[in-house]
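So in numbering that gives the first Met the number 0, spot 434 of the sequence shown is number 433, and the numbers just go up one at a time.
Where hints are given, some of them may not hold.
Just the calculated beta-carbon pair ranges, DEER-fashion [as the list claims (entries may be wrong)]: (1) Asp280 with Ser118: 16 to 24 angstroms; (2) His260 with Gly166: 48 to 56 angstroms; (3) Phe216 with Ile273: 16 to 24 angstroms; (4) Ser268 with Ala547: 14 to 22 angstroms.
These are calculated hints, taken from the structure and not from any lab test. Since this is a predicted model, take the numbers as computed values, not measurements. From the three backbone atoms N, C-alpha and C, an ideal C-beta is built for every residue, glycine too.
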Amino acid sequence: MEGPETYLAKRSSPRRIILSVVVILFIIFMTYSLIVPSYFYWVPVLIAVFFLVIINRPLFLKYLRFLLRVRLRSRPSQTLIIFILIFILSFSSTTVTWQYDFIMANRFVNQLGLELSDSDTPFVQGITPDAVRLVDESLAYTIAEKHKATFTASTVLGLAQIGVYQGHEAWYVPVIEETLNSMRVRGVGFIIINVNKPFEKPTIIKLDDATLLPDLFWYRNPDYKLYNQNPNRYYGRNYFTEIDGEIRVIVLSHNGFLYPHDPKVHVLSLSGEIIEILTPDEAYKKGIPQVLDEEGYIEFYEDAFSGFLMKDKSLDMWAGFLAEKDTFEPSEILRYIHDQQTGTTIAITTTHPVGNPSSMHGIFVWRGSNVTYHNIRRAGYISADEAQREGSKIPQLTVFDDLSVSMRLIYPIKYSDGTVKLAWFIPYKQGGRLVALAVVDPVDTSHIGYATKEEVSGGEGLARLAMSRFSGVSVAGSTGNEIHGTIKERSTWIEDGNQVILFLVSDKVRNDVYVMAKAHQLSAQDFHELMMKDKGDSLHATVTWSEAEQVWLITGIL
């Protein structure tokens, strides 16, 4: 009879330890593959089963007998049957889930009213410099932090939301009073930042008592209020926007646990009163751009559209595991941008081919509940990642250390030949502040325009200079044409009691051109800035042609 030492030595042999670890991993993978079906989870299960059967079939049957409480014999036929049953069980559970996802996603797509288009761009006219979005969420917080001191010391910043203020896209950053126990009990105001003006002072709005803000506690939260009235709906992200001169809270909701349907847009006052409940189309027509819920629709949208297959100008949901060609998945999930043609804010989502994130496949354009997919793969456009890398190679940008990018936008731009095509706009930040903007051609990456903060003043001037360098022609502004170049000569004199400056500028479009600045036609700040310029300095200004004097007159500094 063997002693305890011999028994323990056999039980703890390396062979038994390895087999025990393999069996435990097998059980874990098999259980997980049944709970969370996927094509990848049952592969380790099959490997573990194969390993156990080949290495030690009797031990494998012993463990199964222990788990299933049934009598199993070590016969090859029984082993094969067990192997096949496990395979069928894992694969069938995955297949059922796949079929179910397919049906749900198809229903979701049908409710979107999805339309397909082969046009190279969803837009018919180029973006103007004053409509280019330059402020992302992180920059909005940085700007808001600098102006939070306007309020009391016990305040904190709430969740920033994109909306509309005075007809322009803007970031709403709520300012909230916080108690000692970190409870957010009262909203005291807003810091509103125009997305096109990153260098200007934001709008500060103080409130006596905003009783309903998304960041507030319990009954002062819009979701809590609406859920108490109708607990059968799911309430998603809250937004702010201006409607008829009043700031409103926008709450998005939908029915359905498995997929969103019957979407609604709830419009509430800051005091908690429900103003109206709209459909996405009704809200969009009223100027409310936030008809998509980033925490609801977009999550489902990403799952539903991931792995789609373009087939005969239609979207084929039978992609994924069995797809062979032209499948695509989302890249930039959601961006709100201004549509100059309609004067409204739309949402766009770009896609790339599966396995090729460096190129673009198409663009989803959301207008209310109407969704159009523009298949632009034949145009050979690069993705936002590639555009960002190309932009960072610009010599004038390499002088900046630790450049970061958190928002890449694709806009329509008017090219030198008058055609309207798409271009990537890449805002670069350094240390939390905007320092440069690059405009990159999505087809010809050698065609790049840029502008740095040191060259111009104001966000519009930054976009205007980058677009001018990109398109090869000066971009018209509200006051006429523009001059961008280097001063070659400078002279000044007094005329009718007013000081006049004449510059000879080497402009990239007009070559050498004379431009004149008159003190009484410009602001004191602009004229003082022009007085400080000398030979070799750069000049970026808006100009208008004077027939009487046959010279370009400076109307403003960019």
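Hints, one by one, checked against the model:
1. Asp280 with Ser118: 16 to 24 angstroms: holds (22 angstroms)
2. His260 with Gly166: 48 to 56 angstroms: 32 angstroms Cβ-Cβ, so the 48 to 56 angstroms window is violated.
3. Phe216 with Ile273: 16 to 24 angstroms: holds (20 angstroms)
4. Ser268 with Ala547: 14 to 22 angstroms: Given about 55 angstroms between the Cβ atoms, the range is violated.
Of the numbered hints stated above, those contradicted by the structure are hints 2 and 4, listed in ascending order.
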